[in-house]
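Novice: Listed below, chain by chain, are the residues.
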Amino acid sequence: MGHVIGIDLGTTNSCVAVLENGQPSVIPNAGGYKTTPSMFAITQDGKRLVGHLAKRQAITNAQSTVYASKRLIGRRFDSEEVQRAIDVTPFSIVEGPNEDVRIEVSGKTFTCPELSAFILREMKRVAEEYLGEPVQEAVVTVPAHFNDAQRQCTKDAGKIAGLDVLRILNEPTAAALAYGFNRNEEEKVAIYDLGGGTFDISILEMSDGVVEVIATAGNTFLGGEDFDRRIVEHLLAKFQEQEGIDLRGDAMALQRLKDAAEKAKCDLSAREVAEINLPFIASDDSGPRHLSVELDRATLEGLVHDIVEGTLKTVEQCMQDGGITVDQIDQVILVGGQTRTPLVQNRVAEHFGKRPHKGVNPDEVVAIGAAIQGETLVSEDDNLLLLDVTPLSLGIATFGGHFARLIERNTTVPVCKSHIFTTTRDNQSAVKIRVLQGESETAAENDLLGEFVLGGIRPARKGEPEVDVGFDIDANDTMTGKEQSITVNATGTLSDDEIQQIIEEQELYEVQLKE
Amino acid sequence: MKASVVDLEVDPALDLDPKIQEELIEFANGLDRPYHELLGVAADADARAIKKAYFQKAKRFHPDRYFRKNLGEFMPVVETCFKKLLEAYELLSDPATREEVQRGEKARAAKAARAPVGQDAAAPNAEPAKPRMSGAEAAKRLRRRMGGLQGHHKAKKERKQKAKTFFESGMAAFRSDRWLEAAGSVRLAMAFDPANDVYREEFVKVQRKAHEERAKQLTRTAEGALDLRNYQEGFDALEEAFYYRPFDAELAIRGAKIAWQGIGDLRKAKDLASSACELEPEQAEYHRVLGQIYKAADLTANAKRELETAIRLDPKDKEAKTELRGL
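Chains as they are written, first to last, in the numbering used here: chain F, 1 to 515; chain P, 516 to 842.
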């Protein structure tokens, strides 16, 4: 039997790991790097590039280089998040036929699962080269706060990439698995995961080889990219002040600024001051202009301070959900590259009253956890069991547009809860059930997973018939409404036919490349 | 629990340790036992012991343990057992629910124990004498009761206030023609203050109006769309109109015809035509249409049944006869 790989499909970087002889290891790519940029590009001569190759040419080819597409996956085109992204990205984001998001690169339109599939396929290839054998099965991680549509799209991406995705695993949970692997202590652990584009906090309890998620919370549109964006905004303002030129409309300049911002941010984790020099960033009648700005750590902290405080509010909410106080936490683990920032480390330490655990690499720990979960699923031994929860409440729209929760967030899965519905009119023969996911009391503000009509109700006076509907969430966190055994499919995801079509198209493309 | 579980036997051919199979059968056959017995702990076990027991059993009962393994008929059993185990753990690990659950279990057990001597229940002295409560205990109980009562009054007042707010916003919505919203709000007012007859009366009025208006509006939309041969839009509107007038068989059968001939959605066509037949089972035309839809979906047996019903109801229905011959 082949290996099961674990893939951390990140907003900015991705990472792949595998368990060999019971020991987890992160697989380096051909360039020797343990992480690969989650970027895809099409060059002017039509060549498709992924990872470092794509990143290297991003500046000169900004409009045809896609990054951070994970922030768009599974979202509706008209959502606030997508609209915000359109304003700040150099590549073109368009609306797809199912109100979904598509991205146009060099005249060709791609779905978000397709773009994620390019990255997954690359990670698969990296693993295959390292292991010297084909890889078919994988566990792929997503932010804990991803909703059903986002998870489904990630699964589709796996399918397109030719992978059998055994499980979609929550990133902080994966980190906890990696931390708890071969440890036999009884402890409560907080995972603070600030990645490129998402923030998650999870509280877990471990004992006797069981890892139980107690509570999880997060924000799928907040992360390191926001740090970068704040720096870019700062640089743009500075430049305008100094030179009187607004660089906002210049895609190439924006891409250079973005790269420089990211680099300065990383530098400032180790140093107090970073210099940003971008020669020939613009030009006007009086000749070329150069950007030269000094950024110190205090200024950076001033720029991003509120983002970090926002994450701590989410931490508080999560602790309350789990009924846990800070003094009950034995370990705090930092995950995600953004937690290298001293401000983040200090604020987290202050909040929990203890220094974070240093033993794990924040960039690699998620992929390792995914590999561990993959191996645990297929292996025969029972020394590790994960008890995961559903991150978002599940319920139905009730009369008047209100949201009735049937399965509360942070409920251990698999779970089954049933609920009795009744009619609102005399002789009503059917009830329409709209299944929603989210935390708002107003139905319209939550995500619609699907709807179905329960028919065949015996004519009776209103309120008399009782229709018992069971809701089931399996360990994959996908859900079914039982009574009529209809699987509720998220809106905006791809149909099986579409996936098949994309796979064939890509295969065609691969063949073309080889010729 | 399904009765079939009882019939399951240990099958050594499965990817499941026979010992665990035995354990599962035993667990599944005793799902109505007290929760602490399901977990295998004493009735007064502490939180730690409960968690430990849950973890230990979860390791054997969690479906992930048997991911893509051949469990045969045991797969649903594993799922049921884990879900029940989870229920037991969740209820017993929260002190509030635990107290309630265990009180209920005790009462049940006591009743079951009394049952065999039920015939003698009429005899005097069958009821054991109540033990006297100590003064301190009685005071404590009284305090708890009072506290509970006060809380109850407060909650009731809050609920009334909430009901009023909902009712007022409902009436405001009604005045500005947002009938559906109005009905929803008044309904909530009613739920929070069920004793208030004004809410009840208003609700009936508001809801009837809301549904009638919405159905009318949708029918108009449908008419317009169908004139322009925009079948999908027309169908959607008709389907929704039927939702608001679920007694209107004519609406259902129109929807069915459009689903069948206009947009080719045979499933929806079938559902709507069936609803029409259910509402007015004596209408030959409805059965004929349903039969034709079944025929289009290649469900010959069903088609035959419906067409024959149509002919039985209306022996002069030529179309039905032609269709039946074509089968």
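If you are wondering where the hints come from, they were derived from the structure by calculation, not from laboratory data. Glycine residues also receive a C-beta, built at the ideal position from the N, C-alpha and C atoms. Be a bit skeptical, because a hint or two may be false.
Facing chain F, from chain P, some residues (calculated, C-beta under 10 Å) [claimed, not checked]: (1) Q571; (2) R580; (3) L601; (4) Q722.
Covered by chain F, per the in silico footprint, the following chain P stretches (three or more residues, Cβ under 8 Å) [to be verified]: (5) 588 to 594; (6) 739 to 748; (7) 757 to 764; (8) 786 to 795.
Novice: Give me the numbers of the hints this structure contradicts, sorted from smallest to largest.
Specialist: 5 and 6
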